[in-house]
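Residue numbers (the numbering used here), protein chains in the order written: chain A, 1 to 205; chain B, 206 to 371.
These aren't lab readings, by the way, just hints derived from the structure by calculation. Accuracy of the hints is not assured; some may be wrong.
What the hints assert, rightly or not - Derived coverage of chain A by chain B (criterion: at least 3 residues anywhere in the stretch with Cβ under 8 Å from a Cβ of chain B; other residues may be distant):
#, segment
1, 4-13
2, 27-41
3, 66-80
4, 108-119
What the hints assert, rightly or not - Only some residues are given here: those of chain B computed to face chain A with a beta carbon under 10 Å:
#, residue
5, 215
6, 234
7, 280
8, 310
9, 312
10, 367
As the list claims (entries may be wrong) - Label-pair ranges, simulated between beta-carbon atoms:
#, chain 1, residue 1, chain 2, residue 2, range
11, A, 194, B, 255, 18 to 26 Å
12, A, 185, B, 264, 36 to 44 Å
13, A, 162, B, 257, 20 to 28 Å
14, A, 133, B, 292, 40 to 48 Å
15, B, 319, A, 45, 41 to 49 Å
16, B, 348, A, 197, 12 to 20 Å
17, B, 313, A, 96, 52 to 60 Å
18, B, 356, A, 65, 49 to 57 Å
19, B, 264, A, 167, 42 to 50 Å
20, A, 115, B, 263, 48 to 56 Å
21, B, 258, A, 194, 22 to 30 Å
22, A, 37, B, 271, 47 to 55 Å
23, B, 263, A, 162, 30 to 38 Å
Using N, Cα and C, we set each Cβ at its ideal position, and we do this for glycine too.
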Amino acid sequence: MGFLKGRLTFRRYRVLDPLPDDFRDRFEQAFTDHAFREKSTISKGEETVGWVRSDNLLETDFSNRDKWLYTHYAMAAMRMDKKVLPTPLVRAMVEKRIEEWCEENGRAKAPASVRTDIRLNIENDMLARTLPTVKVVNFCWNLPEGWVLFENTSDRVNDRFRTLVRNSFGVGLEPFSPLDFLVETPELVDPLAAAGMTIMSGGGR
Amino acid sequence: MTDSLPHLSTEFFTWLWWASEHGGGRIDVDGEEIILWVDDRLAFRLPSEDASRAVLTGADTARAAEAKAALAAGKVIKEVRLRLQWADREYGFTLKGTGLDVGGLVLPALPEDGDEQDRLMVRMEAIEALWAVLGALYRQFAEVRTQSAWTDEVVPAVHAWLAGEA
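For reference, chain A alone in the conformation it holds in the complex (with noise of 0.2 Å):
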């Protein structure tokens, strides 16, 4: 279950807004609110993305607090769903539709519009019949100092997330920066940005 066992990988993030007081009752509301919700239908690539709780990617109640807020921690977690068809095997279903349409028509080929039907018409069927493929990426914010470990460093998945968080709490994130490191030494900061690369090959600065 996310953070609790096994190996970590991570985004690091520094929350940028500050919470207000009532921030349990608004992240209750935020996680409710935008928890995720299975679609009845879903097109060719489109992601369904919304929150669900940490301990079971089905359990999207966030009622009960206990079950999301650690202390001072708020752990959960992002599903994303996407349906993905087999392409090969999507191209030979129609072409195979195709030759039957002409045969059945008398013609050598296939007007676009015809081949367009054929092709979103086995699509819609296949996606009616497809299990979506399924992400779980956990998170853990630490609330009072303001910065999350998000289990993922795809930028793409990262993009989600933040765009999630902003829409569900309102407030933004910042990735890591190594800079941050430097608070306290705030004075090697500004020469540190300036330095050029330097060249480890040999003979450079």
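Keeping the supplied structure of chain A fixed, place chain B upon it in accordance with the hints.
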């Protein structure tokens, strides 16, 4: 304080590697000795690209001739897997990218009794302890990187080390 320049992370990785080899792995961090070494993975890229151009894995990666050759050829370190010991703790982890993403973090052996909340507190405390040491190491790097000692002493020493002279 959000604009971290990519080359600073790669130079930090190089400095960690060199400092760990230079001092036999022992580094003084705020008055406490830690032991740091490059473990079993180094990934290199070209300064102008993001994709890895060379990945070295296996035992004694840090001392492999190919590793130094990659750096000497102008590549920069994209990812480095480290082992870090201090007091009775030992961590294994990979640092990667501009923002020091952490991969495959193995925490020290920690008490497993208690409920979920207890386990989370203990594990997050261990992560924060590691982050504090990384912060102290980065401050050491920043101090030397912003002084003339960088160009006068460290860079020549790294060149000599790459050439097998140190």
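task = Could you work out which earlier hints the structure fails to respect and list their numbers in ascending sequence?
result = Structure breaks hints 2, 4 and 6.
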